[in-house]
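So you can see what is in the structure, the chains are spelled out below.
Number of protein chains: 2
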Amino acid sequence: MDSETVNIALLGLGTVGGGTLQILQRHADAIERRTGRRVKVRRALVRDPSKPRPPEAADIAVTTDINEILDDPSISIVAELVGGCDPTRDWIMRAITSGKHVITANKALIAQHGNELFAAADKHGVIVAFEAAVGGGIPIIKTIREALAGNDIQSVAGIVNGTTNYILTQMRDCGLDFSEALAQAQELGYAEADPTFDIGGIDAAHKLTILAAIAFGTPLNFANVAIEGIDTISAEDIDYAETLGYSIKHLAIARRDAEAVELRVHPTLIPQRHLLARVDGVMNAVLIEGDAVGETLFYGAGAGALPTASAVVADLVDILRLLSAEPDHRVPYLGVRPGAIADLPLRPLASIHSAYYLRLAVEDHPGVVADITRILADHAISIEAMLQRPDPAHLDTMPIILLTHRVWEHAMDQALEAISRLSSVRGAITRIRVQTDAA
Amino acid sequence: MDSETVNIALLGLGTVGGGTLQILQRHADAIERRTGRRVKVRRALVRDPSKPRPPEAADIAVTTDINEILDDPSISIVAELVGGCDPTRDWIMRAITSGKHVITANKALIAQHGNELFAAADKHGVIVAFEAAVGGGIPIIKTIREALAGNDIQSVAGIVNGTTNYILTQMRDCGLDFSEALAQAQELGYAEADPTFDIGGIDAAHKLTILAAIAFGTPLNFANVAIEGIDTISAEDIDYAETLGYSIKHLAIARRDAEAVELRVHPTLIPQRHLLARVDGVMNAVLIEGDAVGETLFYGAGAGALPTASAVVADLVDILRLLSAEPDHRVPYLGVRPGAIADLPLRPLASIHSAYYLRLAVEDHPGVVADITRILADHAISIEAMLQRPDPAHLDTMPIILLTHRVWEHAMDQALEAISRLSSVRGAITRIRVQTDAA
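Protein sequences, first through last, are from chains S and G. Our numbering puts the first residue of the first sequence at 1, with every later residue one more than the last. Our numbering puts the first residue of the second sequence at 1001, with every later residue one more than the last.
In short, the hints are calculated from the structure, not lab data. Treat the hints with care, as some may be off.
[Claimed, not checked] Cβ-to-Cβ under 10 Å is the rule here; a few derived chain G residues that face chain S: (1) A1058; (2) I1060; (3) V1062; (4) A1285; (5) D1291; (6) V1312; (7) R1330.
[As the list claims (entries may be wrong)] Now the stretches of chain G that chain S is said to cover, found in silico as 3 or more residues with beta-carbon under 8 Å: (8) 1033 to 1042; (9) 1126 to 1134; (10) 1154 to 1166; (11) 1379 to 1389; (12) 1392 to 1399.
[What the hints assert, rightly or not] Simulated DEER-style distance windows between Cβ atoms: (13) P55/S - R1421/G: 53 to 63 Å; (14) L1188/G - P55/S: 39 to 49 Å; (15) D1343/G - S324/S: 41 to 51 Å; (16) G1339/G - A223/S: 48 to 58 Å; (17) A380/S - T1063/G: 38 to 48 Å.
For glycine and all other residues, C-beta sits at the position ideal for the given N, C-alpha and C.
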């Protein structure tokens, strides 16, 4: 074949950049079989040019100067694999205005600046592809944006952060405390030295922002996501949940109905028979409910050099096929054409409808349980299950664990406020939402 | 918006045709938001024009004459939702030569005649889209062909026939015999009056033919698939498998290595911890292993009016976007460009490497087990587990259940031949392959 060669540049030769380079070289012929074009990595941006590189990087011109890439008219596609919003936002904006197509694995950037980047890309007739930003190797962007285009999507619920899923899995399987499991994850490289973005839920919220926008055809709006991390989950909550037939997972949930959308990231009890409850370790999965397709689930490695490279290269193949096509023939950034993007009202957390797991410590004397259940009944909250287990570590108090049926969150807020004022209730009340839907 | 209207025709207004019509009408605005084009179902081919139609079909011209559709130059896209190869093959070929794009849910047709249909479509510059042919609402064609384009795919293993999965699930959960479970499936409409295609594995083999071609970039070759149905599976095999920690599923498996491909459909013991073991009832799932992405799993409804319509409409949206694009900008039928399709040698069943479940009935006297295990050892077959359970229904014989480690199938063939000649072995030996891979 006498194929056209397309020059690309990689911003970053770290984990993902190195993995991408490896896959590009291993599959150079396969990419040509698919697209009729050969890819050449012409330049790569690095922080330290003296750092030793793997053999596959031998004939690539590395530079620390972004201008050498952005000002090189022979480079048609830039893959940004650095992360963070600064200076990547500037770089990508400049690549777009120079007429270069962009591939990025950067969820923070797309979630927070996607609207302006897509508007600029539209204006300059280039593609910004971001499959690698969510779910690593799971092709969830393409699936929602293209493959489920015949659906009104009602909900998206995903385990989209491998670090928190690893920690929760280790807490369950090895009986570790949160801090022990976190330390172990850090040792294995599954958690950063500063793990705030992962365990605090920010990373999952970035991903949920993107998933919700393409699922519902709404603008990206990170500020709309209600976020809770997993640092409040204790080993005993995981134990009690298992006893009750549930696993605790850190879920990113987007739902819509005729009136509003809900966007939230928080620990969630999921029935053990549910497929999502069986997604363990660093694996990711996303469950999607559409009006035509019903429930579908997509499972795979959510991070790592090669799975992320798989997504980067899939984007690259799509771009190579459409290089000379009219912009009209491309899939719009958020699935619907820019003029058709329409915002939806946000349902605040207080107005969601959910079941709850509650754990509270009470003085062990007659009437305590009656007081608590009376307050719940006064707020129209009915109880599905209750456990009372003496805690050998705290002989003066008794833990009570409750599972409720679904109620409005503001009713639960008020009930917990009243329960916490009971003199026999000690300390803070733990409250975790429960996923009751089937699948 | 002042959008172009695109006329389409539906061949068939049965279950899938009716579902497609419903989704097209419900989502007409959404399709326009996605593509900038409005879809009008101009004609529908039906067998009996006097049959009452649902309200959404009220303003559609129904006809029993295919020529009214194929000769109508205002119709750009034909969706074939009839099934079977005759006369659909002729219809689709004529649609292609008339320059109409084709969407089909017809796995038998694509598996058996896809190569010639794609060649004709290539020549005439039209699209033949077939997402609905495999996995119902699970977008497995798009996933393999586009989203995993950065991978060498090593294996595809799927539960792709809802009827057999329903029957096996009911046998396990309700202790039914095969014939009882089949009768129940027929009553519920999950199995046809003539269930041969489903329970015999032909339907799954059609789907596997398609999956393998796009996973490996090989021509479609239905004749290469080794096929076993589920009618030989007994309630006791399912029981014994459960006791040993396995579920029996009807799997369609395609594997490749540097030398050859394996294509086979057969009942398979799968470890209960494996996600595929947990795909129950009429649900489908496909597990894909790629060199970059690792293991990914895609789960959803494998059949039914609306899930299949979801796939048909996704194909339609893709075609609408590319209506005026150059053929070069489209995804090739089998993922790689026609000139790059390359066949691979087939590994015959005798040369595969697999673990096995064996059940045999023996006279209960000393030395029988020693004779059997000696023959296995002589063929270098080692035993992982053995059960001996008196069977109250057959007091003169004792069932022996064996799980072996992985061996070459021809060694197992020879060993079973020798074992079956032992005078103490009664009746036929049941042999089921065992999936030992992780995930």
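* **Coverage of the stretch 1126 to 1134 of chain G by chain S, judged on three or more residues with CB within 8 Å** => Check failed, 1 qualifying residues.
* Could one say that the CB atoms of A380/S and T1063/G fall in the range 38 to 48 Å? -> Cβ of A380/S to Cβ of T1063/G: about 58 Å, so the range 38 to 48 Å is violated.
* **Agreement of hint R1330/G with chain S interface, Cβ distance less than 10 Å** => R1330/G check passes; min Cβ-Cβ to chain S is 7 Å, inside 10 Å.
* To do: Would you check chain S against the stretch 1379 to 1389 of chain G, counting CB to CB pairs closer than 8 Å, and say if three or more residues qualify?
  => Three-residue rule not met by the stretch 1379 to 1389 of chain G, so violated; n is 0.
* Restraint outcome when I1060/G is required to lie within 10 Å of chain S by C-beta distance -> violated (18 Å)
* Status of the given 41 to 51 Å range, CB of S324/S versus CB of D1343/G -> Once the Cβ atoms are compared, 31 Å apart, the range 41 to 51 Å for S324/S and D1343/G is violated.
* **Hint validity - V1312/G Cβ closer than 10 Å to any chain S Cβ** => holds (7 Å)
* Assertion that chain S covers the stretch 1033 to 1042 of chain G - criterion: three or more residues, beta-carbon distance below 8 Å -> holds (count 4)
* Between G1339/G and A223/S, does the beta-carbon spacing fit 48 to 58 Å? -> holds (50 Å)
* To do: Examine the stretch 1154 to 1166 of chain G for residues whose CB is less than 8 Å from any CB of chain S, and state whether their number is three or more.
  => Result for this restraint: violated, n = 0.
* **Whether chain S covers the stretch 1392 to 1399 of chain G (at least 3 residues having a Cβ closer than 8 Å to its Cβ atoms)** => violated (count 0)
* Asked: Would you say the C-beta atoms of L1188/G and P55/S sit inside 39 to 49 Å of each other?
  -> violated (59 Å)
In this structure, the hints that do not hold are numbers 1, 2, 3, 9, 10, 11, 12, 14, 15, 17, in rising order.
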